[in-house]
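Undergrad: The chain contents come next:
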Amino acid sequence: MPLRPALLAAALLLAAGPALAETHVVDQANKKFSATELAVKAGDTVRFVNKDSITHNVYSQSPGNAFDVKTQKPGESSDVVLKSAGEVEVRCAIHPTMKLKVTVKD
Amino acid sequence: MAFARKFVTALLAATSLLCLTPAAPAADPAGPSLQAMKRDYARPTAVPFPADNPYTVEKVRLGQQLFFDPRLSGDNTRSCATCHNPALSWGDGLAKGIGTGGTLGRRSPTILNLAWAELLMWDGRKDSLEAQALGPIESGMEMNLALKDVVPKLEKVDGYRTAFALAFPGEGLTLANVAKAIATYERTVVSGTAPFDRWVAGEEGAISDGAKRGFRLFNTKGNCAACHSGWNLTDHSFHDIGLPDKDIGRAEHLPLPSMRHAFKTPTLRDVARRAPYMHDGSLPDLWAVVEHYDKGGTARPSLSPEMRPLRLTPQEKADLVAFMLTLTGEADPVTLPALPVPAQPAGF
Ligand SMILES: [Cu+2]
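Chains as they are written, first to last, in the working numbering: chain Z, 1 to 106; chain W, 1001 to 1348.
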């Protein structure tokens, strides 16, 4: 399985962020996330972009960072702010083979 | 466990079940796009087994006995194979399964090709074959044998004590090993090579022109491959395809709006042998299935955005059915195991 934490999501500086919160971009293409692991700081944003021609539904049930971006049509993107330190298991409700682990540090 | 599951690939003993490496593709009159579509459908050459329950011949033999043994039910009348019957493509041919407690809420799915599955059950509530295997045994609706009684009951059968000792050296007969043996056997249940596979491997005459048109429709206008993709004709995804019953499916376990009425996308391997169709057995044949997709399903907020009226012509409907008929494989006949019985002393 060559799925390494490669493909470090592009990190953009949020111009107005006083605490230097960053935005990390994760693509969904070919029914996969562009990364399998990601490290972020508490307060950072993860931007999920649907680059497929089908619908995805990214969510997490991890305590402290649970979210549901709901269905994303092709081309849509959604921002999620991860507030609490800890491990966040990110999944697609439609495609359970899509898995991403985000480590949020204080 | 499924989250961190590591697969090791072990060669299946019965390699005859599996198609060998496809031959070089023949020149395709329909152009390269059909050739590209075919590439996604090549069969794998080995079955994946998890690192924490690797393949052994002893486990498969034991698992097969357990799968076919009605003594795993409270009143000794029902085995796993009662509802997952190899003679009926590992289903039961009924719209809804019938167990010790009467008629179940959903149709019995096939257990073909589950070595490649991600989540199990129509609603995805189990995350491995090991985690699933004991459920039907203890269910009052299905086999109705309390889990605390399973090991004492099997221990009375000498052959089982020996078989567990061989399959699980140093551990023997435990509840966890009952599940591991059944799961290992289930992973060896793989659909046989079908005319479609021979066509993908380059044998142009293996399927009809209508079926080839149906395959193209399956991947284009019909949009079927948005969900039924890959050699197993499923990407293991969950969708509301607009069947009008009240069952909320996946949402019972994953309460998100998109998961209401969502069910697991089943394999279409050998599908012609498994009517009636869908989680509720509501569609009697493949024609009814194609009609359902042509209409696009019941409109409601959770309906998959991949579902829409297709406006298929009668010829296109026939082509899609012709394609699905080419997915029926030529698997070796399944031999039933002789079950171990308690030893009987000789003489009076
Ligand atoms: Cu998805």
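Simulated from the structure, these hints should not be mistaken for laboratory data.
There may be inaccurate statements among the hints.
Computed list of lysine-lysine pairs in PhoX-like fashion (alpha-carbon distance at most 25 Å, straight line) [claimed, not checked]:
#	chain 1	residue 1	chain 2	residue 2
1	Z	K73	W	K1096
2	W	K1038	Z	K51
3	W	K1126	W	K1096
Derived DEER-like restraints, expressed as beta-carbon distance ranges [stated by the list, open to error]:
#	chain 1	residue 1	chain 2	residue 2	range
4	Z	P74	W	D1149	21 to 29 Å
5	Z	G75	W	A1036	17 to 25 Å
6	Z	T103	W	N1076	49 to 57 Å
7	W	E1138	Z	K41	44 to 52 Å
8	W	D1245	Z	L20	28 to 36 Å
9	W	L1166	Z	K105	48 to 56 Å
10	Z	E89	W	W1287	53 to 61 Å
11	Z	R47	W	L1094	20 to 28 Å
12	W	T1100	Z	P74	53 to 61 Å
13	W	D1245	Z	S53	27 to 35 Å
14	W	D1285	Z	K41	51 to 59 Å
15	Z	S53	W	E1171	42 to 50 Å
Sample of chain W residues at the chain Z side, in silico, Cβ under 8 Å [unchecked claim]:
#	residue
16	L1119
17	A1226
18	F1238
19	L1243
20	P1244
21	E1252
22	H1253
23	S1258
24	M1259
25	E1306
Predicted model, so just to flag it, every value in this text is computed and none were measured.
Here a beta-carbon is modelled for each residue, glycine too, at the ideal position from N, C-alpha and C.
Undergrad: Compare the structure with each hint and give your call.
TA: Structure-based check of all given hints:
no.: 1; hint: Z:K73 <-> W:K1096; verdict: violated (34 Å)
no.: 2; hint: W:K1038 <-> Z:K51; verdict: holds (23 Å)
no.: 3; hint: W:K1126 <-> W:K1096; verdict: holds (20 Å)
no.: 4; hint: Z:P74 <-> W:D1149: 21 to 29 Å; verdict: violated (53 Å)
no.: 5; hint: Z:G75 <-> W:A1036: 17 to 25 Å; verdict: holds (23 Å)
no.: 6; hint: Z:T103 <-> W:N1076: 49 to 57 Å; verdict: holds (52 Å)
no.: 7; hint: W:E1138 <-> Z:K41: 44 to 52 Å; verdict: holds (46 Å)
no.: 8; hint: W:D1245 <-> Z:L20: 28 to 36 Å; verdict: violated (52 Å)
no.: 9; hint: W:L1166 <-> Z:K105: 48 to 56 Å; verdict: holds (49 Å)
no.: 10; hint: Z:E89 <-> W:W1287: 53 to 61 Å; verdict: violated (42 Å)
no.: 11; hint: Z:R47 <-> W:L1094: 20 to 28 Å; verdict: violated (48 Å)
no.: 12; hint: W:T1100 <-> Z:P74: 53 to 61 Å; verdict: violated (47 Å)
no.: 13; hint: W:D1245 <-> Z:S53: 27 to 35 Å; verdict: holds (29 Å)
no.: 14; hint: W:D1285 <-> Z:K41: 51 to 59 Å; verdict: holds (56 Å)
no.: 15; hint: Z:S53 <-> W:E1171: 42 to 50 Å; verdict: holds (49 Å)
no.: 16; hint: L1119; verdict: holds (5 Å)
no.: 17; hint: A1226; verdict: holds (5 Å)
no.: 18; hint: F1238; verdict: holds (6 Å)
no.: 19; hint: L1243; verdict: violated (17 Å)
no.: 20; hint: P1244; verdict: violated (21 Å)
no.: 21; hint: E1252; verdict: violated (13 Å)
no.: 22; hint: H1253; verdict: violated (11 Å)
no.: 23; hint: S1258; verdict: holds (5 Å)
no.: 24; hint: M1259; verdict: holds (6 Å)
no.: 25; hint: E1306; verdict: holds (6 Å)
Taken one by one, the earlier hints fail for this structure at numbers 1, 4, 8, 10, 11, 12, 19, 20, 21 and 22, listed in ascending order.
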